[in-house]
Amino acid sequence: MSLCLSFAEIIEGGKPQIAHLEDVAQSLSSLPAEDPKACEAFSREIRLLESALTHSYTLAVSVVRRTEDLREIAETWKEMESFCTNSLAVLKKWKDRYPNCGTPELFDLALDYKLACAKRYSNSVEEIACLTLTFPKGLFPEPISHL
Amino acid sequence: MPDSDFSEGSVSRADIASLAELFDRFEFALNPVLQDAKIAEAEFEDEIAALYSGRVKPAHPEVEFSHFRLKIRSLCRAYLRKN
Numbered sequence: 001m002s003l004c005l006s007f008a009e010i011i012e013g014g015k016p017q018i019a020h021l022e023d024v025a026q027s028l029s030s031l032p033a034e035d036p037k038a039c040e041a042f043s044r045e046i047r048l049l050e051s052a053l054t055h056s057y058t059l060a061v062s063v064v065r066r067t068e069d070l071r072e073i074a075e076t077w078k079e080m081e082s083f084c085t086n087s088l089a090v091l092k093k094w095k096d097r098y099p100n101c102g103t104p105e106l107f108d109l110a111l112d113y114k115l116a117c118a119k120r121y122s123n124s125v126e127e128i129a130c131l132t133l134t135f136p137k138g139l140f141p142e143p144i145s146h147l
Numbered sequence: 148m149p150d151s152d153f154s155e156g157s158v159s160r161a162d163i164a165s166l167a168e169l170f171d172r173f174e175f176a177l178n179p180v181l182q183d184a185k186i187a188e189a190e191f192e193d194e195i196a197a198l199y200s201g202r203v204k205p206a207h208p209e210v211e212f213s214h215f216r217l218k219i220r221s222l223c224r225a226y227l228r229k230n
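These protein sequence lines map, in sequence, to chains A and B. Per the numbering used here, residue 1 is the first one in the first sequence, and the count goes up by one each step. Per the numbering used here, residue 148 is the first one in the second sequence, and the count goes up by one each step.
Here are the simulated SDA-like cross-link-like pairs (lysine to any residue), alpha carbons at most 25 Å apart as the crow flies:
#1 A:Lys119 <-> A:Glu68
#2 A:Lys137 <-> B:Ala161
#3 A:Lys137 <-> B:Ala197
#4 A:Lys119 <-> B:Ala197
#5 A:Lys78 <-> B:Glu192
#6 B:Lys185 <-> A:Glu126
#7 A:Lys93 <-> A:Ser43
#8 A:Lys15 <-> A:Thr85
#9 A:Lys114 <-> A:Leu48
#10 A:Lys114 <-> B:Glu192
#11 A:Lys93 <-> A:Ala33
#12 A:Lys137 <-> B:Leu227
#13 A:Lys137 <-> B:Ala225
#14 B:Lys229 <-> A:Ser62
#15 A:Lys119 <-> B:His214
#16 A:Lys92 <-> A:Ala41
#17 B:Lys204 <-> A:Glu126
#18 A:Lys37 <-> A:Pro99
#19 A:Lys114 <-> B:Asp183
Simulated restraints on C-beta separations:
#20 A:Lys37 <-> B:Phe212: 56 to 64 Å
#21 B:Ala164 <-> A:Thr67: 18 to 26 Å
#22 A:Ser82 <-> B:Val180: 16 to 24 Å
Note that these hints are calculated values from the structure, not bench results. Small disclaimer: the values here were computed from a predicted structure and weren't measured. Ideal Cβ placement from N, Cα and C applies to all residues, glycine included.
Kindly generate the complete structure, drawing on both the sequences and the hints.
Structural data, given as structure tokens:
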């Protein structure tokens, strides 16, 4: 049996980690931010979200490298960018309260990923628009199917 | 398909292969902000610009640079899927 999932379905597995980070942060809000137990608990959630982000980005790269469909490529980058945006919203809220628990570093990483995804999405959308253009004979090697 | 059925263009297969190697290093980099990815992207853009001004524009002035650049990106994707 072969399993075939879209990137949107795969990435769903990482999204609960954003809500979980928020829940843990809320549950720790009665403790002082400098409390070692609070930082330890929050750091654990930060590492889990970092793992979800890096794993999802790696999967996105793997998907777009294999597919021929530019629309699927664009959609994959859009999904990944959305994951980064949602992560950034939560990280922004807590990075000043927990500056020594890996939060600013993960904020920067999520921002780097988001910008990379946005750029790749934009380029793939432009490539889609280019599909209908015709180029003069003799410009590219032919047949292109035998590159 | 025999070799005689292939034809090179102003842009050759070797050009596409060379550009695809650079494209692979930045577009599919697992860490897109690493210096290697940034260097590869800069070289890729420089090589496309040089190819366009040196060989494409003189022979095909009707082709816009932005369209040429996007087509090259698509050809690099196709090359990397097959090689």
